[in-house]
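K.L.:
Residues per chain are reported as follows:
Number of protein chains: 2
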Amino acid sequence: MTRRLLLVSNSTLHGGGGYLGHCQQQIQDFFGEQVKRILFVPYALHDRDGYAKTARDKLQSLGYEVDSIHEASDPVEAVRMAQGIFIGGGNTFRLLKALYDNKVVSEIQKRVLKDGIPFMGSSAGTNVATVSINTTNDMPIVYPPTFAALGLVPFNINPHYLDADPNSTHMGETREQRIKQFHEESDTPSVLGLREGCMLLVEGDKATLLGSTKARLFTRGKPAAEYEPGSDMSFLLTEGE
Amino acid sequence: MTRRLLLVSNSTLHGGGGYLGHCQQQIQDFFGEQVKRILFVPYALHDRDGYAKTARDKLQSLGYEVDSIHEASDPVEAVRMAQGIFIGGGNTFRLLKALYDNKVVSEIQKRVLKDGIPFMGSSAGTNVATVSINTTNDMPIVYPPTFAALGLVPFNINPHYLDADPNSTHMGETREQRIKQFHEESDTPSVLGLREGCMLLVEGDKATLLGSTKARLFTRGKPAAEYEPGSDMSFLLTEGE
Numbered sequence: 001m002t003r004r005l006l007l008v009s010n011s012t013l014h015g016g017g018g019y020l021g022h023c024q025q026q027i028q029d030f031f032g033e034q035v036k037r038i039l040f041v042p043y044a045l046h047d048r049d050g051y052a053k054t055a056r057d058k059l060q061s062l063g064y065e066v067d068s069i070h071e072a073s074d075p076v077e078a079v080r081m082a083q084g085i086f087i088g089g090g091n092t093f094r095l096l097k098a099l100y101d102n103k104v105v106s107e108i109q110k111r112v113l114k115d116g117i118p119f120m121g122s123s124a125g126t127n128v129a130t131v132s133i134n135t136t137n138d139m140p141i142v143y144p145p146t147f148a149a150l151g152l153v154p155f156n157i158n159p160h161y162l163d164a165d166p167n168s169t170h171m172g173e174t175r176e177q178r179i180k181q182f183h184e185e186s187d188t189p190s191v192l193g194l195r196e197g198c199m200l201l202v203e204g205d206k207a208t209l210l211g212s213t214k215a216r217l218f219t220r221g222k223p224a225a226e227y228e229p230g231s232d233m234s235f236l237l238t239e240g241e
Numbered sequence: 001m002t003r004r005l006l007l008v009s010n011s012t013l014h015g016g017g018g019y020l021g022h023c024q025q026q027i028q029d030f031f032g033e034q035v036k037r038i039l040f041v042p043y044a045l046h047d048r049d050g051y052a053k054t055a056r057d058k059l060q061s062l063g064y065e066v067d068s069i070h071e072a073s074d075p076v077e078a079v080r081m082a083q084g085i086f087i088g089g090g091n092t093f094r095l096l097k098a099l100y101d102n103k104v105v106s107e108i109q110k111r112v113l114k115d116g117i118p119f120m121g122s123s124a125g126t127n128v129a130t131v132s133i134n135t136t137n138d139m140p141i142v143y144p145p146t147f148a149a150l151g152l153v154p155f156n157i158n159p160h161y162l163d164a165d166p167n168s169t170h171m172g173e174t175r176e177q178r179i180k181q182f183h184e185e186s187d188t189p190s191v192l193g194l195r196e197g198c199m200l201l202v203e204g205d206k207a208t209l210l211g212s213t214k215a216r217l218f219t220r221g222k223p224a225a226e227y228e229p230g231s232d233m234s235f236l237l238t239e240g241e
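Those sequence lines, one after another, are chains A and B. Take 1 as the starting number for the first sequence in this note's numbering and just add one per residue. Take 1 as the starting number for the second sequence in this note's numbering and just add one per residue.
Please keep in mind that the hints were generated in silico from the structure rather than gathered at the bench. Incorrect hints may have been included.
Just so you know, same-sequence chains aren't split out, so a pair can sit in one copy or run between any two.
Claimed, not checked - Mimicking BS3-like on lysine-lysine, the simulated pairs with C-alpha atoms at most 30 Å apart in a straight line are:
1. Lys-180 - Lys-97
2. Lys-110 - Lys-206
3. Lys-103 - Lys-180
Construct all of the structure, not just a fragment, from the sequences and the given hints.
P.N.:
And the structure:
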């Protein structure tokens with residue numbers, strides 16, 4: 001499989017140099033010099049114009065021109081012509097609904113999985129790259145036609161993964177408890193919790209953790225496990241086969 | 001309208017005397033001495049037997065017998081015969097899906113809004129009492145047929161409402177930001193953020209805040225507003241009319 005994915009936990013890291021600052025080296029390594037233009041998908045935020053400007057300013061400073069899909073007269077054609085895709089973060093429900101409303105789901109799958117164009121996601125954009133959005137942290141502000149997502153990898157991700165605060169008096173479920181509830185319901189065996197500062201690089205059948213923080217893997221029926229930056233996570237790509 | 005509702009933010013409060021401890025006086029005032037048996041709805045948790053035992057133990061100590069709807073051969077008939085209903089917390093998506101799967105939505109609406117039997121909800125059980133579950137905090141572990149809920153009141157509630165931590169370095173959206181995102185999308189004008197320890201009593205057309213903590217009200221196009229325990233919130237019941 002030719003897929004190339006950079007799945008980032010979060011676009012802005014505390015103390016990390018602003019929007020996409022903490023992962024700009026990985027972005028340049030990932031898109032490289034062959035990609036000249038990146039198709040940006042701003043559907044996760046309400047202000048698409050403002051969001052496109054933010055992404056364009058940053059990616060131009062890294063040497064890439066940006067087309068925003070919301071400015072295209074035909075979004076499917078925009079995907080068909082794209083050299084690379086970046087789906088930004090925001091609200092995952094709004095994002096997934098807009099991907100279906102604009103009928104670009106199957107074309108993105110084809111371009112990434114068959115044609116091998118590079119795909120980057122951040123936060124909600126990372127959620128929609130996985131099997132489903134069942135492990136998003138977001139508020140369900142709109143109702144998408146399904147929770148099934150792009151399925152570019154055969155597992156789920158929980159971005160912005162957060163360890164429980166032992167001093168908290170708040171009684172809402174911890175993130176780990178929520179993911180356990182997901183495992184009570186779903187057949188998807190694994191959920192990769194990407195802490196802020198962490199990202200997953202997928203090149204074909206090889207997956208590697210990058211960034212400055214560890215990831216926590218939740219696999220049904222197994223104890224949760226910690227993985228350091230640099231860890232080989234390729235085993236996740238053959239799950240369910 | 002004869003409706004009688006006790007909508008509690010959370011079932012267990014830190015330092016509040018265990019399950020339903022912080023609101024047991026309000027529960028007894030609400031169900032009173034006429035109600036002898038309460039129909040419990042444990043659908044929000046995976047372990048329905050265990051959950052029914054927890055609720056039964058607590059409510060029996062307050063003088064009420066408990067029938068759990070999951071033990072009934074006909075859930076709709078169980079609602080039809082109920083003297084009072086209590087929907088417990090857990091995962092809101094799982095709860096709403098089970099209410100539809102068991103076809104009890106319209107019967108609960110009829111019993112509460114027409115027959116006037118008392119309805120208590122806690123956390124997820126409070127979410128499903130409102131217009132929709134669009135303002136739940138829970139992880140979307142299952143896909144319900146709609147986000148529309150029981151509609152016993154014409155506004156939404158955010159239970160376990162949490163103020164932003166000014167010292168946090170986590171970059172996920174604050175609760176207030178999430179509710180603002182909801183207002184970018186929905187026609188429902190108001191979202192009442194019930195902090196843990198807070199609850200809303202509705203008696204016909206009168207609504208009153210009870211408990212030990214303040215609530216924060218988010219109305220589209222207005223600044224957020226704080227309300228003390230004891231505040232008259234009846235104005236919320238005529239919204240959208």
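K.L.:
All the hints need checking, so say for each whether the structure fits it.
P.N.:
Status of each hint after checking the structure:
no. : hint              : result
1   : Lys-180 - Lys-97  : both (26 Å within a copy, 18 Å between copies)
2   : Lys-110 - Lys-206 : within (19 Å within a copy, 56 Å between copies)
3   : Lys-103 - Lys-180 : between (32 Å within a copy, 27 Å between copies)
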